[in-house]
Amino acid sequence: MEKLVCETEVEVRNPDGLHMRPAMQFVDVASQFSSNIEVSNAEYTVDGKSIMQVTMLAATCGTKLLIKATGKDAEEAIRALRELFTKQLAPNPPSAEASGKQN
Amino acid sequence: MEVKKGIAVSPGIAIARALVIDSEESRIPRRSVRQGQVAGEVRRVRDAFKRAVSELTEMEAAQGIEGGQIKDIFAVHRRFLRDKSLRNRIVRMVEAEKVTAEYAVSATMHQIAEHFSQVKDHYISERAADIYDLEKRLLHHLLGGLKEDIAHIAEQVVVVAHELTPTQTANFNRTYIRGLATDAGGRTSHTAIVARSMGIPAVVGLEDVTGSLTGSDTIIIDGNHGVVVINPDDDTIAEYEKYSRQYLKLEHQLDALRDLPAVTRDGVEITLLGNIEFPDESQLIIDKGGQGIGLYRTEFLYLYSETEPTEEDHYEAYAETIRAFGNKPIVIRTMDLGADKFTQSRRFDPEPNPFLGLRSIRFCLQNLAIFKTQLRAILRASLLGNVSIMFPLITNLPELRQAKMILRDVMEDLDEDGIKYKQGIKVGIMIETPSAALTAATLAQDADFFSIGTNDLIQYTLAVDRGNERVSSLYTGAEPAVLRLLRAVVQDAYRAKIGLSICGEMASEPEYIMLLLGMGVRTFSLAPPLIPEVKQVIRSVSIDKCNQITRKVLTMTSHRQVESFLRDATRKVLPEVF
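Order-wise, the sequence lines are chains C and F.
Numbering-wise (the working numbering), the first sequence opens with residue 1 and increments by one.
Numbering-wise (the working numbering), the second sequence opens with residue 1001 and increments by one.
Chain C with its partners taken away, still in its complex shape (with noise of 0.2 Å):
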C-alpha cells in the first residue's frame, strides 16, 4: 500500500486562538482521515486527533503550526485542514484571504 508523507504550515489567525471550539473542528476533520496526523508548534508534536493534545499545544493568534500527514490519504488530510485554517478559523471567515502556504 501506498503510504504518503505531506506537510504544511499554517499560522492561527482567529483572535482567540486554537482555543476548545476551534481544535474540535480540527480534531473532527484530521479524524476522518486515516492518515495519521502530527502537529507541531516550536517545542511539541502532538496527535492531532485527540482533542486533549491539540488544545495543550496552547496555539495562541500568530502561532505557527506544522501540521504533517502520513498515510493513504495524506494529501487529502492536509488540503482539508488547511482549508480550515484559511476559511473557518480566519479572523473574517469566510471571505478572508487564504493565510496558510504550503510548504
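Keep in mind that the hints are not guaranteed to be accurate.
Derived DSS-like pairs: lysine-lysine, alpha-carbon spacing no greater than 25 Å straight-line [what the hints assert, rightly or not]:
#1 F:1497 - F:1422
#2 F:1098 - F:1120
#3 F:1071 - C:87
#4 F:1420 - F:1404
#5 C:64 - F:1120
#6 F:1084 - C:72
#7 F:1420 - F:1328
#8 F:1050 - F:1136
#9 F:1120 - F:1050
Bear in mind the hints are in silico, worked out from the structure with no lab data behind them.
Quick caveat, the model's predicted, so the values are computed rather than measured.
Using the hints, position chain F against chain C.
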C-alpha cells in the same frame, strides 16, 4: 499501624474494614490499591468515561437546536471524553502507580488544567475551568457507582470520608455500618448527629484520615476518646476488644435505668424525649426509656428520593411513628432544608452564605406548595396520636404569624374537603436565632411552646461555623452570651406559661444538665442512645444544688471558667460519667 487523634462525637468502639468515600466536592487523596485490584480500577475508569459520554449526549440533545454556545461546550467536552489519549493517560497512571480510579482521574485532570493555567494567553488559561468541569463529571460517575455499593454493602465496615452529607447518609445500609470517621467536622456536624442517632461510634476532625487509608485497611474507631487506629497490630486489636466488652457492660448498666423515672433527688420530675432523624429510630427511643419524640426531623423525606415527597409519602411516614407511640407526645418539625442540606430534585442556586440564606422556614414561606403538602399530611396524621407542629428558624413575629396563617389556610382546605384533623393542635417554634431568643416574650404570644435549638443558636450568636474545623474550637455553649440568651428564653416561656424544651446537643452533654436544670429547663430532647446517661445525671442531683450552680455560672466571664466549673460539679455527683 497508625494512630490518629480527632474529636470523639459518638461513643462506642468499632473494629472493621474501612470503606472510604471520596467526594467530588473535595480534593481526592492519593490512595493505592493492591495489584489484584488494578484491573477493576481500570474498568471503573472506562465505565466512568462511557457513562459520562452518554450523559453529555443526552444533555446535548435536551438543549435542542437553540443551544448555541452551550451546545458547543458539550460537544467539546464530549470529544475530550472520547479522546483515547486522555483515557489511556489515566489508565496508565492506575496501572503504573497502582492508585484508585478516582485519584488517577483527579491527578491527571489537574495536571492538564495546570498546563492550561500556565499559558499566558487569557483565553486559553481560562480553559482550565473546562478541564475541572470534566474532572467533576467523571468523579461524579465514579463516586455515584460507589454510592450504590454503599447501599448494597454486605459486610461490616467503618465508613471514612472527608465529610458526610445528608444525601450520603440517607443512602446508608444501616445494618452493616459499624462506625464513622471524617477529616472535617465538629461535635455538631451532620456526621456526629447521624452517628449518635444510629448509636454507632464516630470520630471527626481527623484532618487527613482519608489520605492515610488504602482500599482494604482495618480500622478501629474509639468514639469514647476520639482515637482512630489504622491497620492495628494483633495486640492492639485484642486490647480494644477487651475495652469494648467492658464498655458494653457499662452500657447495659445504664440500660437498667430504662424503667426508672427521670426524677431528681428532691423529687422533681423531668421529661426526657428523643430527637430522631429517621422513623426507624423511634423504637430506639422506647428502648432507651424516652417518653416521646421532642424533635421529629422530616428532612429525610426530601433527601431519600429523587422526587419531592407527596402528601401520602409524608402521611405514611408520620402515621407509622405516631401509631407506634400511642399517646406519647410527638413534635414534628416542618422542613428544615437549605444551608448544609438540600433536596435532591430541587438544586437551589448556590448561595454565597447559605447559613444566612434561603433555608428552613424561609424556603417554605417562598415555596408554599411544598410547605402546604407537608402541613396537610401532618394535620391528617394528627388524629392518630398526640402530635404538635414546630416551625424551625423563626426570627420574628410576622414570620411566625405568616407560617400560622398558612397553616390555617391548609386547615380551611381540609375543612372544605371534609377531611378531619385534631382541633386545637399545638403549634410551637424552635428558638435558634439570637433574634428569636431576644424577642422570646413577644413570640410567646403566638406560640404554644418553645424548643431551644442550641446548635444553631450557638453558631449564630458566636458567629462560628460549627462544621469548620479551623474555628470549631470557638463553638461552645459555655459562652456567657449563649447562657444569657438561654436563661432569658426559659424565663420568658415561664412568664408566658407556655411549654419549653431544649432539643440541641447541649441537652445531651452531661456537664450541661445541672446548669440547664438550674435555669428551669424541665424537658430535654436528645439523641436516643444518650438518654440513659442524662437520666443518670438527673437522678443524681437535686434542683436546689442545680440552682446554686446556675447562679454561680451566670456570674462567670469566660467559657473556660464555665466549662471547668461545670465539669468539676458533674464529676462530683457522678464520677463514672467521666
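When the hints from earlier in the document are held up against this structure, which numbers fail?
Failing hints, ascending: 2 and 9.
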